[in-house]
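Residues per chain are reported as follows:
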Amino acid sequence: MNQETNQEQKSFWEKLLAIDRRIIFLFIIVAVALPLFFRVSMRIPVTPVAEGTYGAIESLPAGSKVLASFDYDPGSMPELQPMAEAFFRHAFRNDLKVIIMGLWPQGPLQANIALEEVFQDEDLKAKNLQYGIDYVNLGFTAGNEVVIDRMGHSFEESYPKDGQGTPLSEIPLMRGVRNYDNVDLIFNLSAGYPGTQEWVQYAVDVFHVKLAAGNTAVQAPAMYPYVQTGQLSGVLGGMKGGAEYETLLGIPGRAVRYMFSQAVAHAVICLFIIIGNLAFFSMRKRRKA
Amino acid sequence: MSGEVVGVWIGAILTLGIFSFLYKDNPFYKFSEALFVGVSAGYWFVVTFWQYFLPKLIDNLALAYTVLSVEGKIDYHWVYVLGGGLGVLMLLRLFPSVGWLSRWSLAFIVGTTAGLQFTRYLESNGIIQVKGTILPLIVGGNLNTTIGNLVIVVGTFCGLIYFFFSKEHKGAFGGAARVGVWFLMITFGALFGYTVMSRMSLLIGRMDYLFSNWLHLIG
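Heads up: the sequence lines are chains C and U, in that order.
For the first sequence, numbering that gives the first Met the number 0 gives the first residue as 0, with consecutive numbering after it.
For the second sequence, numbering that gives the first Met the number 0 gives the first residue as 0, with consecutive numbering after it.
Hints were generated in silico from the structure; no laboratory data involved.
Careful, some of the hints might be misleading.
Listed next, the in silico DSS-like pairs over lysine-lysine satisfying Cα-Cα at most 27 Å (straight line) [as the list claims (entries may be wrong)]:
id : chain 1 : residue 1 : chain 2 : residue 2
1  : U       : LYS130    : C       : LYS160
2  : C       : LYS14     : C       : LYS287
3  : C       : LYS64     : C       : LYS126
4  : C       : LYS284    : C       : LYS64
5  : C       : LYS64     : C       : LYS124
6  : U       : LYS72     : U       : LYS55
7  : C       : LYS14     : U       : LYS23
8  : C       : LYS160    : U       : LYS55
9  : C       : LYS14     : C       : LYS284
10 : C       : LYS284    : C       : LYS209
11 : C       : LYS160    : C       : LYS209
12 : C       : LYS209    : U       : LYS130
With the C-beta cut set under 7 Å, the calculated list includes, among others, these residues of chain C facing chain U [as the list claims (entries may be wrong)]:
id : residue
13 : GLU78
14 : ASP204
15 : MET238
16 : TYR257
Predicted model only: the values in this text are computed from it and were never measured.
Quick reminder that beta carbons are idealized off the backbone N, C-alpha and C, glycines included.
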């Protein structure tokens with residue numbers, strides 16, 4: 000009888016170890032999809048690195064100029080687009096002037112999508128923000144880190160015209176903006192190369208300009224040492240970073256809404272890791288016995 | 000049916016096509032994948048032509064020619080001939096008999112990149128990071144900073160010892176290396192956690208697209 004139970008238990012662990020991966024996929028898909036239907040408000044603890052990014056923008060007086068580099072493409076939208084929208088809301092709420100650019104061809108387009116979204120807000124509509132006066136989109140230019148380096152000497156060398164083909168000299172916002180000395184902060188949203196690392200290496204450490212950033216979660220851990228050394232004011236790491244930023248801003252958006260799905264999916268993954276380990280150690284014990 | 004609706008339907012069907020691979024390889028997946036690769040290649044060709052080749056080479060050479068013909072001067076824009084020439088050499092890889100000439104272009108790229116990156120990496124990722132680990136081990140009245148500084152200093156020191164292979168990892172040296180391994184494992188764990196979060200974020204984005212933009216089940 001005892002031997003039979005043992006046999007049954009053994010087959011249970013063996014079955015668990017040989018579980019079809021599609022069952023795990025199904026669990027993950029359900030864990031991600033189902034919470035999207037529930038408006039559960041989760042408490043989002045704010046980390047000091049996210050506070051650093053928020054604080055760098057919040058501390059700027061009205062009228063300050065922020066150079067915002069959008070270095071990502073639609074593939075990173077779920078992580079970075081909520082940050083982009085939160086950044087614009089933050090900047091325009093505080094009456095900052097935003098100079099948009101991109102080292103990735105699709106980056107400035109992502110900025111336009113975010114602008115379209117935030118301009119639906121009633122309080123921003125009331126501000127009657129004007130292109131060329133309150134914000135400008137310089138577009139994309141090729142050259143990666145060389146563009147960053149050249150802009151340290153002259154913006155016009157890299158961007159003689161904005162994204163719409165208007166010479167910089169004819170744009171009111173760009174008058175008096177020659178190089179990094181004339182901007183108060185660089186805000187970078189990055190999904191890889193060229194991105195935050197290149198901005199640190201070629202702008203911060205050479206021209207001593209202040210930089211705050213938002214990164215995909217894959218990239219974020221590599222940026223934390225720059226925060227510790229003061230090369231970066233702060234980093235928003237992935238969707239969680241975006242949710243932290245929205246929380247600090249007091250405008251919960253998509254990132255906060257997505258966090259419930261993220262939490263449930265992580266719980267399911269942790270559960271599978273625990274079950275997998277239990278099965279593995281149980282089988283090893285049996286084999287040794 | 001508006002163009003936007005058609006776009007959402009195409010996006011949704013192709014998303015499901017890619018997801019169908021999770022069940023098993025199938026023609027629907029193959030079609031979606033091939034379409035993605037083809038569209039990406041076409042897109043990047045167009046971007047390369049309009050954003051790189053035309054403004055950086057052709058426009059500058061046209062400017063150089065204009066200055067020469069109008070003012071009779073050779074200005075600095077002629078330097079782009081060098082870049083264009085190196086680009087042509089790169090294409091010679093297509094012809095085996097003269098393919099070796101493409102190595103000149105590669106040598107130029109490798110040389111300039113290495114030269115450019117060396118100083119920047121050395122300062123930003125080397126010297127400044129080393130400076131960042133030279134910290135006081137005890138900060139009076141601030142326990143959090145004291146613990147943080149200790150973790151950074153001990154973690155960096157022991158991590159470096161683990162990668163020191165000229166001495167056998169035995170005794171106190173071996174102990175420090177083992178502590179280094181723990182720090183490395185915790186780092187890899189954190190990296191794995193962040194990667195999982197990133198991938199989950201992409202899945203959430205797609206799911207939200209399907210349920211919100213396509214099916215309108217979520218408001």
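Hints and how they fare:
no. : hint                    : verdict
1   : LYS130(U) <-> LYS160(C) : 40 Å, violated
2   : LYS14(C) <-> LYS287(C)  : 19 Å, holds
3   : LYS64(C) <-> LYS126(C)  : 17 Å, holds
4   : LYS284(C) <-> LYS64(C)  : 64 Å, violated
5   : LYS64(C) <-> LYS124(C)  : 20 Å, holds
6   : LYS72(U) <-> LYS55(U)   : 21 Å, holds
7   : LYS14(C) <-> LYS23(U)   : 21 Å, holds
8   : LYS160(C) <-> LYS55(U)  : 14 Å, holds
9   : LYS14(C) <-> LYS284(C)  : 16 Å, holds
10  : LYS284(C) <-> LYS209(C) : 56 Å, violated
11  : LYS160(C) <-> LYS209(C) : 25 Å, holds
12  : LYS209(C) <-> LYS130(U) : 19 Å, holds
13  : GLU78                   : 5 Å, holds
14  : ASP204                  : 5 Å, holds
15  : MET238                  : 4 Å, holds
16  : TYR257                  : 5 Å, holds
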